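Residue numbers (this note's numbering), protein chains in the order written: chain A, 1 to 744; chain B, 745 to 965; chain C, 966 to 1047.
Since the hints were made in silico from the structure, they are not lab data. From a predicted model like this one, the values you see are computed outputs, not experimental measurements. Backbone N, C-alpha and C fix where the C-beta goes; we use that ideal spot for every residue, glycine too. Hints should not be assumed to be uniformly reliable.
Stated by the list, open to error - Chain B side only, calculated, beta carbon under 8 Å to chain C, not exhaustive: (1) G843; (2) A844; (3) T846; (4) R847; (5) V849; (6) L851; (7) H852; (8) E887; (9) D893; (10) G917.
Claimed, not checked - Chain C is faced by these chain B residues, among others (derived, beta-carbon under 10 Å): (11) Y767; (12) P842; (13) G876; (14) R878; (15) I880; (16) C892; (17) N903.
Claimed, not checked - Not close to chain A: a few residues of chain B, all C-beta gaps over 10 Å, as computed: (18) P753; (19) S780; (20) G822; (21) V906; (22) A949.
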Amino acid sequence: MALDTVDLAATTPEINQPWRELGLKEDEYQRIREILNRRPTSSELAMYSVMWSEHCSYKSSKVHLRQFGEKAPKSDALLVGIGENAGVVDVGQGYAVTFKVESHNHPSFIEPYQGAATGVGGIVRDILTMGARPVAILDPLRFGPADAADTKRVLPGVIAGIGGYGNCIGVPTVGGEVVFDKSYLGNPLVNALCVGVMKHEDIKLAKASGAGNLVVLFGAKTGGDGIGGVSVLASETFGEKKPTKRPAVQVGDPFTEKVLIECSLEIFKADLVVGIQDLGGAGLSCATSELASAGTGGMRIELDRVPLRDANLSPEEILMSESQERMCAIVPPSKIDEFLGICKKWDVVATVIGEVTSGKHLEITWHGQLIVDVPPRTVAHDGPVYNRPYKRPEYQGPLNAAGVEHLPRPQGEQELTDAILQIISSPNIADKSWITEQYDKYVQGNTVAAAPSDAAIIRIDEASFLGVAVATDCNGRFCKLDPYQGTQLALAEAFRNVAVTGAKPLAITNCLNFGSPEDPGVMWQFSESVRALADGALEMGLPVTGGNVSFYNQTGDVAIVPTPVIGILGVIDDVRKAISYKFNGEKELILLGETLEELSGGEWADIHGHLGGLPPRVNLQREMTLANFMYAQRDYIAAAHDLSDGGLAVALIEMLLQSKTGAKISIHGDPFMHLFSESTGRILIAVAPEDSNYLVGKATDVGITTTRLGKSGGENLEISGVLLLSMRHIKEAHQRTIPALFNA
Amino acid sequence: MRVGVVTFPGTLDDHDAARAVRYAGGEPVALWHGESDLKGVAGVILPGGFSYGDYLRCGAIARFSPIMSAIIPAAENGLPVLGICNGFQVLCESHLLPGALTRNVGLHFLCRDQEIEIVNVESSWTGDFTSGERIIIPLKNGEGSYQCDDKTLEELEENNQVIARYVGVNPNGSRNAIAGITNKRGNVVGIMPHPEHAIDSLTGASADGLAFFTSLVKARV
Amino acid sequence: MARVIVDVVLKDEILDPQGDAISRALPRMGFTFAPTSVRQGKSFIISLDRAPSAAELKEIENAASTLLSNPVIETFTIRVEN
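The following block holds chain A by itself, in its conformation from the complex:
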């Protein structure tokens, strides 16, 4: 077939083009023709098709995501906001921290190991491209029921992939979540968050400026991986009968990425680039159009200069390839020799493939012939914007009316004991060491706290002990019951998890995982969720610095429960003063916050197969008061743990197991309600007995309810007049579940 050049396209308008197979809709194809005033060449069609896909263009979500900008709170800490590869915040002492969470859901269903591995690789490069050294990874993961056959296929592969890639590139994996729910069967969620650190003056942006500056592609060679991954995989649901989508999955090489990280950081240190972008979804199409679009002029690329692993790739395939471990830099001619020299030292392939021009177009040639000539903004930023219809689903009313009140409750010692053992051994709550021990949490030597800590804590400065705390959270069942409340509950929980260490929350990132935007009910969930997050961010004074939207997480008609994962980054002035999640010696146990009867949507309800009613109430002001209290009193708090899934029973047991001790406590009122309710704004603290009066007084001063539960000690969990359970028995139940399910 003859090369489809711009000239040829201009003279053959009537040719049939495979826009539908490439994932475009008819009106989108017509719009491309209008923009170009002719039919697109096959290369241009390929570029538009990947860049206008849902995953890249955010066409269904843009109208809602605007609220993050419109309702943005004033924040002195924000250095780089939404729109760049990742957000950046000032943490003091001249340091800037960048962080972001992204999804790699569909590829992980198809090829769990590589899907998860390349998800990690991609987010790490996003952080690297901001000019930062990646210092931590967190993985919010969601799977179908723990005992489902497909979960046994997907979960071990995903964990091995995250470990295999993250460990090899030398970035510690220090936190995340593992959640099981039937709505994720067939649609596992693999989100990956990365944190990076740099000095303010090191921040790099993704724009191509300065006519004559060179465009350099460096990293791995380009092959046929993941061609059309974004458009084909992420923008469509899985149908029952469609053929397997195996060819589109990318394969990662963590060794190449590690070398790329060191090489890039050395290049940054020598100040050799004026702009840089990593190649992720949509590969070269994305990098060139985004760099050109954000820059001052145009760009000219000689596509045949791209180093290839497979000499048979066509120009369209090269433009769509999602081969991993590649970056694109804009380098002034005076610095190119030094740039190439550093790449040679690290054995990194680097090729000048083009230059920034003074024109306004992105032009790409293939062996001298022009095959792409487009205004870059139309590819990268001015994609279609949809205002998809949304409507509260009919089932929502009946769902909310069917609370958990009527479910028979455990009474008496035996039933309560059984309920505790059942919840502590349920897959969502059970010990996850089988998973977390597959991750290197020590590399780089700056990990102060890792899972099962509520937040991961990383030291940034060895001399001043400055550090950051990071956590991610989302309860999808709460979001199904009420997307607005549920999203603010996720925000509150992530915030509280960071505050519980004594850190000051600074900024928000988010990964919004939803079903098909073509379903008005799902679109309603999405619109409510974004509105809630924007409102909550404003109320809490925390900017949303960036994030990711993953749509089409559904099989047929059944969407996943709405899962807006919220990530919070906080700063700790002195990591030596961070509050631990475990204590030594005899302590008094005090519950901060009020417990109401709020069991709907919680873990106890879930174990009994019940989802209905309204989620717990959220009070963001109260969360902020709690956070301030934790910071102000951190010297007096020996250990702290936030309450969430499974309520007090679970939080207490988790703290006691980590502290290797029992406790004797009293509960006033209905023990079942107090043990399993999931009211928010609550933290369990362990305090030296001589400090407890002081702390209770201080809490009361700021309006925080306190409940003195009792004292730690002994080998049992004793709830006076209610039950007595040996900690050994509890530990065995807690630790048995996950290995039994997943150890091959």
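Mind docking chains B and C on chain A? Use the hints.
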């Protein structure tokens, strides 16, 4: 006292090893794999990581690098060398130490705080311990199972070349629960767990690992 | 055109946990043949313009015993395909 820390492509724990040397009172000197100049250091550390991505076999390619062509004869002449994890693998591939490290018996990569017992305090890197001392340092690897033939195993035990053993459940299937060994002369030590991640209880499993580094730094001062 | 294939496998006395895992997985997947053991190895496929001379084969053997395999724990066999 100047201690060299080697960086191969894919090495991960070089900065941590350098930090450990500093904490021990020494001066870390960065050594690049592509050069064969040892810069007059009094000891060398081969850190942990995934040199060359563990391609072919762990440490198999690093072993042929220019820096190793300088380290091997120097070690044979008595230069103290400490190989940690991947470094241990490189030392075995270079035949500076006998045996080999193979895939963990449990098949998974394993990162956990591991108790080990120091059983030889005569080597260049363990002089600061007392014999039989038990310490907790992180173990993190996928290929940490020490294997060798029966004859080699007998020799190691007879010559007191085992410097550390795992306490409790054998985490990876190493023969005789071997966590670390030394050569006959006692200057070359390979250890699977990571002492450089236990130099400070703030960020590590404990501060028990620091003694590996002070053993060398203090001994020569 | 010729290919020299170097097959590398762990020595019998060395524990092969990957081979064991495969051996356990086979009956679980419903296969009825019952292997007494499964060992996992590696194959290096070296392509040449023409069949190797005796001297070249000796060199390949040398490469096999120094780089492609670790003689402490592995053995290898070499075969030539035309």
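Structure-based check of all given hints:
Hint status for G843/B relative to chain C: holds, with the closest Cβ pair at about 6 Å, below 8 Å. Using the Cβ-Cβ criterion of 8 Å, the hint placing A844/B at the interface with chain C is satisfied: the shortest such distance is roughly 4 Å. Evaluation of the T846/B hint against chain C yields a held restraint, the C-beta minimum of about 6 Å falling below 8 Å. A distance limit of 8 Å between C-beta atoms decides the matter here; for R847/B the minimum to chain C is near 6 Å, and the interface restraint holds.
The closest approach between the C-beta of V849/B and any C-beta of chain C is roughly 5 Å, which is under the 8 Å cut-off, so the hint is satisfied. Interface hint at L851/B: satisfied, since its Cβ lies 5 Å from the closest Cβ of chain C, which is below the 8 Å cut-off. With its C-beta approaching chain C no nearer than about 10 Å, H852/B sits outside the 8 Å limit, and its interface hint is violated. Among the interface hints, the one on E887/B is violated; its C-beta lies about 11 Å from the nearest C-beta in chain C, farther than the 8 Å criterion.
The criterion of a C-beta within 8 Å of any C-beta in chain C is met by D893/B, whose closest approach is roughly 7 Å, and the hint holds. Below 8 Å, beta-carbon pairs count as interface contacts, and G917/B has one with chain C at about 6 Å; its hint therefore holds. Annotation: Y767/B was flagged as interfacial toward chain C, and the flag is violated, the nearest CB pair being 35 Å apart, outside 10 Å. Using the Cβ-Cβ criterion of 10 Å, the hint placing P842/B at the interface with chain C is satisfied: the shortest such distance is roughly 7 Å.
For G876/B, the interface hint is violated, the least distance from its beta-carbon to any beta-carbon of chain C being 28 Å, above 10 Å. The interface hint given for R878/B is violated, since its Cβ lies 26 Å from the closest Cβ of chain C, which is over the 10 Å cut-off. Interface hint at I880/B: violated, since its Cβ lies 25 Å from the closest Cβ of chain C, which is beyond the 10 Å cut-off. Checking C892/B against chain C by beta carbon gives a least distance of about 7 Å; that is within 10 Å, so the hint holds.
Taken as an interface hint, N903/B does not check out: its beta carbon lies about 18 Å from the nearest beta carbon of chain C, beyond 10 Å. Consistency note on P753/B: stated as away from chain A, yet its beta-carbon is not over 10 Å from all of that chain's, at 5 Å minimum. Non-interface status of S780/B relative to chain A is upheld: no Cβ of that chain comes within 10 Å, the nearest being about 16 Å off. Under the 10 Å C-beta cut-off, the non-interface status given to G822/B relative to chain A holds; the minimum distance is some 30 Å.
Distance check for V906/B against chain A: the nearest CB is about 25 Å away, which clears 10 Å, and the non-interface claim stands. Its beta-carbon lying about 8 Å from the closest one in chain A, A949/B breaks the requirement of being farther than 10 Å from that chain.
When held up to the earlier numbered hints, the structure conflicts with 7, 8, 11, 13, 14, 15, 17, 18 and 22 and fits the remainder.
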